[in-house]
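Trainee: Which chain is which? The protein sequence lines are P and L, in order. Count the first sequence with the working numbering and you get residues 1 to 554, in order. Count the second sequence with the working numbering and you get residues 1 to 373, in order.
Worth flagging that the hints you see were computed from the coordinates, not collected in a lab. As the structure is a computational prediction, the values presented were derived from the model and not from experiment. Among these hints, one or two may not hold up.
[Stated by the list, open to error] Below, a list of computed lysine-lysine pairs in the DSS-like style, where the Cα atoms sit at most 30 Å apart: (1) L/178 / L/108; (2) L/178 / L/352; (3) P/452 / P/316; (4) L/74 / P/316; (5) P/201 / L/178; (6) L/76 / P/316.
[Claimed, not checked] Far from chain P, by Cβ distances over 12 Å, these chain L residues were calculated: (7) 68; (8) 159; (9) 363.
We treat Cβ as the ideally placed atom computed from N, Cα and C, and that holds for glycine.
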Amino acid sequence: MSLEESTPDTVDTEPTTAEEIDALLGDLVLDRDDHLNAPGFVVRPDEVQDTLFRLRDEAGYDHLSCVTAQEYEDRYESIYHLKKYDDPTDEVSVVVPTPTDEPVSESAEPVYRTADWHEREAYDLVGIQYDDHPDLRRILLPETWQGHPLGRDYDQDRPQIVPLREHANPLQEDHASDAGDTMFLNIGPHHPATHGVLHLKTVLDGEQVVDVESDIGYLHRCEEQICQQGTYRYQIMPYPDRWDYISAGLLNEWAYARVAEDLADIEVPEYAQVIRTMGAELCRIAAHMLAVGTFALDVYGDFTAIFMYAVRDREKVQSILEELTGQRLMFNYFRLGGVVWDLPEPREDFFEMIRDFLDDLPEALEEYHDMISANEILQVRTVDTGVLPPEVAKSYGATGPVARGSGIDYDLRRDDPYGYYDELDWNVSVEDGCDNYSRLLVRLREVEESAKIIEQCVDLLEDWPEDERTIQSNVPRTIRPDDDTEIYRAVEGAKGELGIYVRADGTEKPARFKIRSPCFSNLQTLPEMSNGEYIPDLIASLGSLDIVLGEVDR
Amino acid sequence: MDLLLQSGTGTPTGTANATANASAAGPVTTLPETISGALGLSGTLGDVVGGLIGAFLIANIMLGMTALAGPWAKRKITAAFTDRIAVNRIGPFGLLIIVADAVRLLSKELIVPDGVDRPAWDIAPIVLPFSALLGFAVIPLGSGLQLADPETGIVFAFAAASIASVGLVMAGYASNNKFSLLGALRAIAQNLAYEIPLVITAASVIIFAGTFRTSEIVAAQTETLVTVAGIAIPGWYAFVNPFAFVLFVLANIAEIGRNPFDIPEAPTEIVAGYQTEYSSVYFVLFYLGEFIHIFLGGALIAVLFLGGPAGPVLPGFVWMVIKMWAFFLFTQWARSAVPRVRIDQLIEIGWKGMLVLSFANLVLTAVLVGVIA
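Excised from the complex, chain L in its bound form (with noise of 0.2 Å):
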């Protein structure tokens, strides 16, 4: 899976590096660059080997960041809400969870129902976790975390992130259940009805930043806004426009479908949605997909609203992933504390709520920066 997972990013990382020098205009220093200087490889060798390290280490971050949130911090903060204590069984806190229910579902059997339409049915536990991993290419972590800034960074997040339909779609259709259906049904119309609006109010943040460049949206941030009693407020947009920054949260939400916007998977409805007959190691891609795409929403959110990697004190990377676990938590808090609305219910905040307010948003802030400028 390693291998493969580094292929998939390390190709558009070595493209997108291309273009980045090709453009010379490349604001920052690149992982795939700085880890080629140390090894001391140039040309394509250098890109190639430095895409190919730079992936993996990337990529097993999310992973081992997945691997804490899922089995672990998800229940310990669930038990939270409703009193209770979760996981304290085994290691410190409970910690070695993460290891015993690794074993656990991937030793179970992987059972392949009558009538399953393979090869899909295959992939797409696979499109799931890679189109999210796929997204952390253009994003910045910090610290000289990143590993491609090509032009069309944002777009090409906001692209690789919406493959993630394809592949429940895939299941849906790939398992030959009809709760699998109307669970891949339900996601299609709801990522369609929310991926508009979640796009739509992004632009407006790239009319005040002018570029889809990440690390000059982040950059852009870093002026400050106004000083309060001697504290420097920076210029993040969710200060900027914070309406914004609101409706970009619940978009996201609803994109990456997790409570309210669950309705894919409403186990109580559908049962398990478009994962219904998926078990085993299957499962945990399903589920590793899942929690990557909460983290690659939460980056996305810190990168166009929070100022990305900017903090004080601490280093950039570590003021990223505390905005994406508390991202992570929010999710988690919505989860525990906001009930499941209808599916047509869902679709018509989507379309009649959502999309207006993000265009007149849009238009708004268009209006706004072309009158300032």
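This is chain P alone, in the form it adopts within the complex (with noise of 0.2 Å):
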């Protein structure tokens, strides 16, 4: 665990095509399995820990951002999806194979602690086991659940039979020891400030908190299994509109849209680009809106004003994504390809809309400022609570306005362009406080060049000719794409790194969709930043993650 100390050195002559990654992992490579964007190395299950320890400290892949397991007719199968910090474009692939009669894989929590969370899925949902795993339980599915869901003999039609008896009793007594003076407290899963179904295991000294943990998946939906069944065209899209349903649905969709259309080799028109982009940030406002009012409310108890205005401002973008998508939530507005439909007519009305709403925004963000930011007491509430230092952030693959509030410069809308947003002028907000204040700064900041982007957006459609209004190219009714081809792509979606891996195996269906989720990754931090501190703090450090538990627990 020495080597858990060592700081990434940052050599100028890093290794980075996959030439220089071969010859530096040596003879650890057992086999070549390349991505469609990212050079994979097959390694032995007992070698991952040198493998990613090497990769993180001298290739400076600092960024676990998902780990994607899955389960072959022969083989059990576990991907390292590796990127970093400073350039998410530069990724590489872990594959780590494991026999079907004895998946057990070395664990990379040592390396990455965010591997914690991610190898507890792959256990839970597809069964691979991981040595040395400081706690492999099931995460998403209950404890006494039988079966992997996700492995190829796993029985759909057995019964599962969860009895309450099997769980703990929550009225047991609960010291942590006779001396102990310590107080156990369920913070959830019904409780006002935890956003959903979350379970918070507390462990209280007086009104401060020792330890915390996340019990996760009461909102477990099969969403990923729901996409394998699902045909690429057209089955797969309406889904991602309910990962993070928080409005963020356009920025959802684009994960898709943008990962499939990279596997089958699809072009879409500029000018679906443009509407695309508009739209994703209108997305992005409505959700930050929302964690900006729900984090005020966590804070500031009965001081609902914020909540409203923020509601109020929210209510502006859901009316114009109404208008263009036919929608207030789950959109389904995007397709392969493009998108479903133009703008709505009249236009010129529509483009009315939007400016309408720009040249208000401003003056409500003051607003905001003046109640949140500039308050007094929000900052003797916010400033050094919740303090999630860079360096931890990154082990803990956090992302979005979480790593940004961390000092992180990372976004992908910038590092990884996609869309039209490289050919538009705005800027990635980043705050180095990496506290609960710097994180609700990022959201508002990023609510202004948002806007920026829309009014790009729409001074470039206005000016659109007529007849090169193309919003879908020409795409094949079914979509086959090859045979073990696959391909991890992200998107900045509005908590942060959406990613979503996918295999195909030449049908018109994925083989495996894995979603990368931001706020599972996000959410792992908390103990982190909760630790030592009040339990008011706790719940402002929460609120400042801004975790939707659709997308927590998919």
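Assembling the complex is the task here: the two chains are given apart, and the hints tell you how they should meet.
Mentor: Dropping the structure here:
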């Protein structure tokens, strides 16, 4: 474990190309299994840590974006999708096959803390065991669940009986020991400030948090399996709306659109890209408005004015999105190769509507700054509470406003450009306070930046020549990517890096569809932020993470 | 409940009356005396009957005000702050929501969780409203509406109001719920930290007035302080010592646990604090108790700093009600506009800020009064 403390040294000549990495890993590499997005290196299950340490410390791959587990006919496989916070386009995949009869693989947790939950999920859903894992338990399903639902031999018809008595009795005596003076407290699953059904197992010393453990999975809806049963062309697109359902729908749809378009090599017309960019940023404003409003509620209690103001402004965005997509929440507006329909007629009225909103926004943001960020009581409550140092944030794979609030300059819209973002003029908001206050500021600033993007998109769309308004490219009715093509692609969702891994098997449905939820990784940082602080700060930190349980549990 | 209420306030009234009469210095005619006089009763019978009827009247006035404040005024005020409309469907201005809500709340199931510590769990919701009602026994409400006027009047009011803390602890401890326990612990910590500044600040007023008797404190404030452009400004202690007034109002908000000092129930943190497990009638009693406490706080502020029922044109009782409602509006304004601080910060403000300031105020007042007198 001594290696864990060693800081990744940034050598000038970090290996980046596949050949250089191959040379770096040397005889650790058994084989190559390249993915569309990154070179893939097959390693032995008992050399995972060696490989990852070498990649992290000597090649600078400091971001374990995702861990995908899957079962083939002849083997299990864990894939570690690595990236660099400095340059997320520089990716590498570490593929770890394990035999079907003994699916045991070394844990990556000592290298990347985020692997803790990701490997627990892999164990829970697919059934791969991880050696050296500090706490290999089920994470999404109840502890009494029989079988691993994404494994090949899983019997879906077998009734699962999960009696309450199998779980800890919430009323039983629960002193840590006879001498201990701590108290165990269940915060949630039904609690006013857990933003959904989250259960925090908290150990308190007086009012101070000694330890907090998140118990998730209450909102698990088999989203990955649902997507594996749908066809690429039409049947998957409605579901991303339901992952992060806090009006981030178009951002999520883009995650699927991007991965499927790259997988099937589909071009998207420029006009559609501009519409997508505009819609996605509208969604981001709506999502951040709610995040700010609920965070203020968590911190302020009955001071509901901010929440009402935030919801008022979010309502305007939703009306615009309703005009555009016909829906207020579950948009289903993107299609592979474009969007489903053009802007609503008359276009002038629609642009007018957006411009009205954008004109009012600076004044509204001024109000928020007056009421929230400039408020001394809020500053007393949030500055220097819930501190998440950048190194810890990176180790947990934190992304989005959580990472940017810890001073990590990382935004996929700029660093791994897609859509129309690289043609537009906007900035990435970064705050290096690492506390609850910084995360709040980042969200408020991002609303401003999103408004800038939307404004430029509206300008572009207004002047777009009428005969070049192609909303969809020619896409075959049935998409059948080649057998054994694998791809992992991410977009900047409202909460951070929303990635999807897809493996095609030559049919019109994905063989494996894995969702990398930013909330899942961000929520993992909660103990780091809350241990030693007061319960109100725990609640504030949870609010500042802005998790959506629908996306955490999928 | 009403029967209990009467006997609860009636008994001290009787004894307080007796002391007042015995001391032969009763400056005002109390309500029970008026009633017994009107009924032509005298002696112990007159005291008891007058006391009971008087207490019944005052308690019902207070409960009526609470009914208006809780289900209706609070919603309307909060809604106005956040640009909403709030209740407007039933009756004029939505006023009949009071009836609807009362029926709704009282008809809910009274859930008694496993392992609650009875009878403490059942007594707690009664202690809270009655401690506040008890305090009204010595408040001069104007127009002759004062139940008792003992020599130790203001001390009695503080003592009665403080009983509420016992109710909160009983509720929190007996509920067999950790959120309730945390809420109760917070309530104790907060009451300890803010009751001392509250009483110390009140003591500075008592130094000015030279008496504990509420009617005399009120009377001491009727003298003209200054005359500006022909309008005589009375010597209310809020004008004489505005610093003490501000301190007292703040400590009072903390004492009755309103925002921004509503930490004991802080819904986003500890669900509902000490009242987490209470439902139906018991919940109503807690809710009632909180609102009566707000009005008692307003009445204390009015008596100590705003000349009690004094005021031009309108009768004294109307002025008293206006002052109490003004304080209620103030608490609701604070609720909608001032964020909550954290429990450790709250305690720090109490012990390190308010306490020091209130002692400084007391010493300065004592010195000033000593020099002038």
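Trainee: Evaluate each hint against the coordinates.
Mentor: Verification of the hints:
With a C-alpha separation of about 24 Å, the suggested pairing of residue 178 of chain L with residue 108 of chain L holds against the 30 Å cut-off. Proximity of residue 178 of chain L to residue 352 of chain L is assessed by CA-CA distance (about 29 Å); at most 30 Å being required, the pair is judged to hold. The hinted pair formed by residue 452 of chain P and residue 316 of chain P meets the criterion: a straight-line CA distance of about 17 Å does not exceed 30 Å. Proposed proximity of residue 74 of chain L and residue 316 of chain P is supported: the alpha carbons are some 28 Å apart, at most 30 Å.
The hinted pair formed by residue 201 of chain P and residue 178 of chain L meets the criterion: a straight-line CA distance of about 13 Å does not exceed 30 Å. Taken as a hint, the residue 76 of chain L and residue 316 of chain P pair is honoured in the structure, with Cα atoms around 25 Å apart against an allowance of 30 Å. The claim that residue 68 of chain L lies off the interface holds: its Cβ sits roughly 20 Å from the closest Cβ of chain P, which is beyond the 12 Å cut-off. At roughly 29 Å, the least C-beta separation between residue 159 of chain L and chain P is larger than 12 Å, which holds for a residue marked as non-interface.
The beta carbon of residue 363 of chain L is kept farther than 12 Å from every beta carbon of chain P, the shortest such distance being approximately 29 Å.
In this structure, none of the earlier numbered hints is contradicted; all agree with it.
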